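Peer 1: So the chains spell out like this:
Number of protein chains: 2
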Amino acid sequence: MAKYHHGNLRNTLIQVATELLAEEGTHALSLRKMAQRAGVSHNAPYMHFADKEAVLAEIAEEGFRLLAIEIESAIATAENSTYERLIAASNAYIRFALDRPNHLQVMFRPYEVEKYPNLLLASQAALNCLFELVKSGQENNTLIAGNTHQMTKSIWAMVHGVAVISIAYQTNMLLPENTSIEDGVASVFVGFLLDGLATKKSVPEI
Amino acid sequence: MAKYHHGNLRNTLIQVATELLAEEGTHALSLRKMAQRAGVSHNAPYMHFADKEAVLAEIAEEGFRLLAIEIESAIATAENSTYERLIAASNAYIRFALDRPNHLQVMFRPYEVEKYPNLLLASQAALNCLFELVKSGQENNTLIAGNTHQMTKSIWAMVHGVAVISIAYQTNMLLPENTSIEDGVASVFVGFLLDGLATKKSVPEI
DNA sequence: GGCGTTATATTGGCACTGTCAACTTAACAC
DNA sequence: GTGTTAAGTTGACAGTGCCAATATAACGCC
Chain A
1 MAKYHHGNLR NTLIQVATEL LAEEGTHALS LRKMAQRAGV SHNAPYMHFA DKEAVLAEIA
61 EEGFRLLAIE IESAIATAEN STYERLIAAS NAYIRFALDR PNHLQVMFRP YEVEKYPNLL
121 LASQAALNCL FELVKSGQEN NTLIAGNTHQ MTKSIWAMVH GVAVISIAYQ TNMLLPENTS
181 IEDGVASVFV GFLLDGLATK KSVPEI
Chain B
1 MAKYHHGNLR NTLIQVATEL LAEEGTHALS LRKMAQRAGV SHNAPYMHFA DKEAVLAEIA
61 EEGFRLLAIE IESAIATAEN STYERLIAAS NAYIRFALDR PNHLQVMFRP YEVEKYPNLL
121 LASQAALNCL FELVKSGQEN NTLIAGNTHQ MTKSIWAMVH GVAVISIAYQ TNMLLPENTS
181 IEDGVASVFV GFLLDGLATK KSVPEI
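The listed protein sequences derive, respectively, from chains A and B.
According to UniProt numbering, the stretch in the first sequence is residues 1 to 206, in order.
According to UniProt numbering, the stretch in the second sequence is residues 1 to 206, in order.
No lab work stands behind these hints, which were simulated from the structure alone.
Being a predicted model, the structure only gives us computed values, none of them experimental.
Hints should not be assumed to be uniformly reliable.
Identical copies go unnamed one by one, so any copy, or any two together, can satisfy a pair.
[Claimed, not checked] The list that follows gives simulated cross-link-like pairs (lysine to any residue, SDA-like), each with its CA atoms no further than 25 Å apart: (1) K135 - H149; (2) K135 - G39; (3) K52 - S73; (4) K33 - I181; (5) K115 - E23; (6) K135 - L31; (7) K33 - A68; (8) K135 - Y111; (9) K115 - H27; (10) K52 - T148; (11) K115 - A168; (12) K52 - T12; (13) K115 - M47; (14) K33 - Y111; (15) K52 - Y169; (16) K115 - T26; (17) K135 - T179.
Start from the sequences and build out the full structure, keeping to the hints where you can.
Peer 2: Here you go:
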C-alpha cells in the first residue's frame, strides 16, 4: 500500500465519479471535475484511463456488479418459489434503476464492446443470476421447457424495458396511479410474461 | 415562403442535426457543427431553440412520429390477425431501433417532460398504435381481458427492452446465432409475452 | 416610397471540456 | 546512491454551450 503521490488514485477516481454521476447526472460528469474532487490535477486521470469512455466503462462495470449483488440478495430473501424469486429479482432491478437512473444510463451506453471485455463479463454475471433462477424453475417444472438463455433474456428485456421507460418519463407512467413499483411489476408486467412462461397451460397457441 | 436571411432555418437545423446524429452519434452532435452544416453562424440556432436540449427534444419528437409511421405501416401490411399484427409492430419497432440507434437513444433521454409537452404527445401517439391493436385483440377475444393500457405497456416495455439491449451490445446477443431479428422477436420474446396475454389458457396461475 | 419595429442572424467573448506534449517528482531496483 | 520508470503537473489547443452586443433584412404602417 505504498503511496506514490496520491495513493490509489484509480479507485478514488471511479468512486468520486460515481458520486458526481449520482449528484449531477451523466451530462455534467467531466474528467476535470472528478480530478478536482479527487484533489489531483486535471490530467492525472490519464495515468489510469485511456480516455473518458474508459472511465465510464469502469463505472458501468461497477454498476453491473452492484446490480448483481442486489438481485442476488433479493432472491435470497424471497420466498422459496420460482415465481416469488423472479418477481423479487425483477423488483430489485427496477429499484436499482429508479434509485440510480444515471448509473443505469451509463451502464447501457453504446460502448465498443471489444474494448471493454470486463464490462461485458460483469453484465453477463448479473444476467446469470436470472439465468440460474429460470433454470431451477424449469427443473422443478414451474417454468416451461425451452431455451433457458432465451427465456432469461426475455425476462431481462422486459424488466429492463420497464426500468428504462420509467426513468425516461421520470414517473411511473407505466403503472396506474397509487400503484407501487413493486406491485406493478408483480401484478402486471412480469406477471404477464411469466404467464407466458409458466407451465400448466392447455392451449398456448393463439 | 419569404426568405429572411436563411429561409426556414428551424427545419433545416433539425434535419441537419438528424443527419449528423446518424453519421457521428449522439456524442459528437454539437450545435456549432449543425450550424456550420446549415451554413449559418454558430449562434443562429439560438433564434429557434432555447438550448441544445430543446433541439434534441425536437429530434426525439420527430423520431416518435417516424416510429409511429413505421409501426402503422407494418400493421397495415401484416396479415389480419392480432397476433400477426403485434409481431409485425414489434418487428417494426426493433428494426427502427437497429437502423437508427442514435436516434432512439435521443428519444429516450431523461428530458424534463414538462418542458416538452409535444415530445410526450408524440411518444404517446406512437404508443397508441399498439394500444389500438391490443384493444381490437381484446374485442375479438384473441387477448385476455384486462387493463388495455397496462397490457399495451407491457408489450412496449418488452419490445423496447429488446431493442435497447440489442443496441447496447451492438449485436443480437439476445438471440441465438443465425436467427434474424424478426424470427427472434416472433418466436421468442414477444411470443412468450403474448402467450401470457393470450386467451384459451386453463390455469394461468403458477 | 420612407420609417420604425421586430424577428433573424452575426461577431466576439467566456468558462468549460477532452486530450496532447513537455516537464517534474517520487518510488523502486540494483 | 543513482538511474529508470511510473505517477502526477503545467501549459496549451481546438472544440463546446451559451451570453451580450451588434448588424441586417423583412414587415406593417403612414
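Peer 1: Hints first: check each against the structure and report whether it holds.
Peer 2: Now the hints, each set against the structure:
Within a single copy, K135 and H149 get their C-alpha atoms as close as 9 Å, which meets the 25 Å cut-off; across copies the closest is 31 Å, which misses it. For the homomeric pair K135 and G39, neither the shortest alpha-carbon distance inside one copy (48 Å) nor that between copies (58 Å) is at most 25 Å. For a Cα distance limit of 25 Å, the shortest separation of K52 from S73 qualifies neither inside one copy, at 32 Å, nor across copies, at 41 Å. Taking the closest pair of Cα atoms, K33 and I181 never come within 25 Å of each other, the shortest separation being 34 Å inside a single copy and 41 Å across copies.
In the homo-oligomer, the alpha carbons of K115 and E23 lie at most 25 Å apart only across protomers (21 Å), although the nearest pairing inside one protomer, at 28 Å, exceeds that limit. With identical chains, the CA atoms of K135 and L31 are never at most 25 Å apart, being 42 Å at best within one copy and 50 Å at best between copies. In this assembly of identical chains, K33 and A68 lie within 25 Å of each other by CA distance neither inside one copy nor across copies; the values are 29 Å within and 41 Å between. When the C-alpha separation of K135 and Y111 is checked against a cutoff of 25 Å, the pair qualifies neither within a copy, at 30 Å, nor between copies, at 39 Å.
In this homomeric assembly, K115 and H27 come within 25 Å of each other (Cα to Cα) both inside a single copy, at 22 Å, and across copies, at 18 Å. In this assembly of identical chains, the alpha carbons of K52 and T148 never lie at most 25 Å apart, being 37 Å within a copy and 44 Å across copies at closest. In this assembly of identical chains, the alpha carbons of K115 and A168 lie at most 25 Å apart only when taken from different copies (14 Å versus 28 Å within one copy). In this homomeric assembly, K52 and T12 come within 25 Å of each other (Cα to Cα) only inside a single copy, at 15 Å, whereas the closest approach across copies is 32 Å.
With identical chains, the CA atoms of K115 and M47 are at most 25 Å apart within one copy only, with a shortest distance of 18 Å there and 41 Å across copies. Taking the shortest Cα distances, K33 and Y111 sit within 25 Å of each other both inside one copy (22 Å) and across copies (23 Å). Taking the shortest Cα distances, K52 and Y169 sit within 25 Å of each other only across copies (19 Å), while inside one copy they are farther apart (27 Å). In the homo-oligomer, the alpha carbons of K115 and T26 lie at most 25 Å apart both inside one protomer (21 Å) and across protomers (19 Å), since each shortest distance falls under that limit.
Within a single copy, K135 and T179 get their C-alpha atoms only as close as 30 Å, which misses the 25 Å cut-off; across copies the closest is 22 Å, which meets it.
Hints 2, 3, 4, 6, 7, 8, 10 from the earlier list are contradicted by this structure; the remaining hints agree with it.
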